[in-house]
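Protein chains in written order, with my numbering: chain Z, 40 to 277; chain P, 40 to 277.
A couple of the hints might just be wrong.
If several chains are the same, the list does not tell them apart, and a pair holds so long as it fits within one copy or across any two.
Taking lysine-lysine and the DSSO-like style, the derived pairs with C-alpha atoms no more than 27 angstroms apart in a straight line are [unchecked claim]:
| no. | residue 1 | residue 2 |
| --- | --- | --- |
| 1 | Lys-87 | Lys-215 |
| 2 | Lys-265 | Lys-75 |
| 3 | Lys-276 | Lys-134 |
| 4 | Lys-102 | Lys-218 |
| 5 | Lys-135 | Lys-215 |
| 6 | Lys-135 | Lys-265 |
| 7 | Lys-180 | Lys-276 |
| 8 | Lys-215 | Lys-180 |
| 9 | Lys-179 | Lys-218 |
| 10 | Lys-111 | Lys-265 |
| 11 | Lys-242 | Lys-85 |
| 12 | Lys-265 | Lys-42 |
| 13 | Lys-96 | Lys-218 |
| 14 | Lys-111 | Lys-87 |
What the hints contain is simulated information worked out from the structure, not anything from laboratory work.
Number of protein chains: 2
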Amino acid sequence: MGKLYVVGIGPGGLQDMTLKARRALEESEVIVGYTKYIKMVEELLKGKEVFETGMKKEVDRCKRALELSKDKVVSIISTGDSGIYGMAGLILEMKKEEIVEIIPGVTSSIAAAALLGSPLMHDNCSISLSDLMTPYDLIKKRVLLAAEGDFVISFYNPRSKGRPYYLRECINIIRKYRKNNTPVGIVKNAMREGEEIIISTLKDFDETKVDMMSMVIIGNSNTFMKDNIMITPRGYKL
Amino acid sequence: MGKLYVVGIGPGGLQDMTLKARRALEESEVIVGYTKYIKMVEELLKGKEVFETGMKKEVDRCKRALELSKDKVVSIISTGDSGIYGMAGLILEMKKEEIVEIIPGVTSSIAAAALLGSPLMHDNCSISLSDLMTPYDLIKKRVLLAAEGDFVISFYNPRSKGRPYYLRECINIIRKYRKNNTPVGIVKNAMREGEEIIISTLKDFDETKVDMMSMVIIGNSNTFMKDNIMITPRGYKL
Numbered sequence: 040m041g042k043l044y045v046v047g048i049g050p051g052g053l054q055d056m057t058l059k060a061r062r063a064l065e066e067s068e069v070i071v072g073y074t075k076y077i078k079m080v081e082e083l084l085k086g087k088e089v090f091e092t093g094m095k096k097e098v099d100r101c102k103r104a105l106e107l108s109k110d111k112v113v114s115i116i117s118t119g120d121s122g123i124y125g126m127a128g129l130i131l132e133m134k135k136e137e138i139v140e141i142i143p144g145v146t147s148s149i150a151a152a153a154l155l156g157s158p159l160m161h162d163n164c165s166i167s168l169s170d171l172m173t174p175y176d177l178i179k180k181r182v183l184l185a186a187e188g189d190f191v192i193s194f195y196n197p198r199s200k201g202r203p204y205y206l207r208e209c210i211n212i213i214r215k216y217r218k219n220n221t222p223v224g225i226v227k228n229a230m231r232e233g234e235e236i237i238i239s240t241l242k243d244f245d246e247t248k249v250d251m252m253s254m255v256i257i258g259n260s261n262t263f264m265k266d267n268i269m270i271t272p273r274g275y276k277l
Numbered sequence: 040m041g042k043l044y045v046v047g048i049g050p051g052g053l054q055d056m057t058l059k060a061r062r063a064l065e066e067s068e069v070i071v072g073y074t075k076y077i078k079m080v081e082e083l084l085k086g087k088e089v090f091e092t093g094m095k096k097e098v099d100r101c102k103r104a105l106e107l108s109k110d111k112v113v114s115i116i117s118t119g120d121s122g123i124y125g126m127a128g129l130i131l132e133m134k135k136e137e138i139v140e141i142i143p144g145v146t147s148s149i150a151a152a153a154l155l156g157s158p159l160m161h162d163n164c165s166i167s168l169s170d171l172m173t174p175y176d177l178i179k180k181r182v183l184l185a186a187e188g189d190f191v192i193s194f195y196n197p198r199s200k201g202r203p204y205y206l207r208e209c210i211n212i213i214r215k216y217r218k219n220n221t222p223v224g225i226v227k228n229a230m231r232e233g234e235e236i237i238i239s240t241l242k243d244f245d246e247t248k249v250d251m252m253s254m255v256i257i258g259n260s261n262t263f264m265k266d267n268i269m270i271t272p273r274g275y276k277l
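Next comes chain Z alone, as it looks inside the complex (with noise of 0.2 angstroms):
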């Protein structure tokens, strides 16, 4: 009898890992994954089969763990947390007797945070831009309430070739409603190789610094600097 776990890895490190994640993976006799994330657990591939596929190849790699979870313990990984945008939801979507268990995983908006200060220290929320499986207007609309909730906004996925110009566009609608100066981080491979931060605002906003390896989290009306750290205060009086 087989299992099938899914995975978080966290942001890439595998001191990032969660122990029960890494236990997991030890445990695993087959780990799946696109081929970019397996690279980084690959310290723990000794002796294991490995299957491995490109992008936009997710239901392909689904269906495979599930077949091999009906006999073999089988891992099949995301970064940060598989169950925001990750592989959970197509997982239990095709499951059928499959055993399946989900660990959970450091999101990438969370390591993000940690590396820019405290930005999420409020109501928050997460935006993908990918318009793959989501019509655009719908993100525009998403982006525009957040924008006046004064949530604090990560945004995923921010941009890439084939959408440009879709991050500046949904900054423009957030600047209607927040100050110029409000603070906006953007983290590249928060966590792993090619880290680098950037602090900004939206007055100043470079959309070309992004790339789809990127996290982008504006802040709310009180996120304030503070010696380049990017705070958004809970409330405490002191």
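On the provided structure of chain Z, position chain P as indicated by the hints.
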């Protein structure tokens, strides 16, 4: 020279902590935290100094942690992630010359989601229903805008004795925008002693099942139930 780690220990079990968080606790000479959370890491406290305080003593705890970190290695702990309604913001606001490192963890909504299935698979927001530091009118405004934007909604601090009816009022706001059969997941004590998982709908939601230790997750217009599992589809074509 000392150092202060601001550690998110995850939902509660030692195996749900990242390796980096565990190493920070092991390295620390002093652990600071809310009494209830200190108990969760009891196994790691041998030979260490402990400074614990009760609820609503956050400022005292942070002050003490910062003082001690001038010449000792100190960890101040939050459950979940310290950057989401945790101690990171207050520490960074109060910090002067002290060396501070934020170590991210698995936040409560992500842990609860993993137990429910994959409810957070698409754009989502977190709202705290505690009005200790946020006007209730602003909380309700955020709930309304999140409902209108079809965000999956996670309620932190959903219900306490001082405000027993806020949760019902907020659910009523959402009912105006979503179908009666929209799935609602309640998780009490996610991944710790006393764990309880309740699946309901907007129509049948019973707020008396919810306490301060619960997480409430309301699906978006596409969220569905399958074999008692709550799934928000990302949108892949199957």
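Those earlier numbered hints the structure runs against, lowest number first
Hint check: 1, 2, 4, 5, 11 and 13 fail, others pass.
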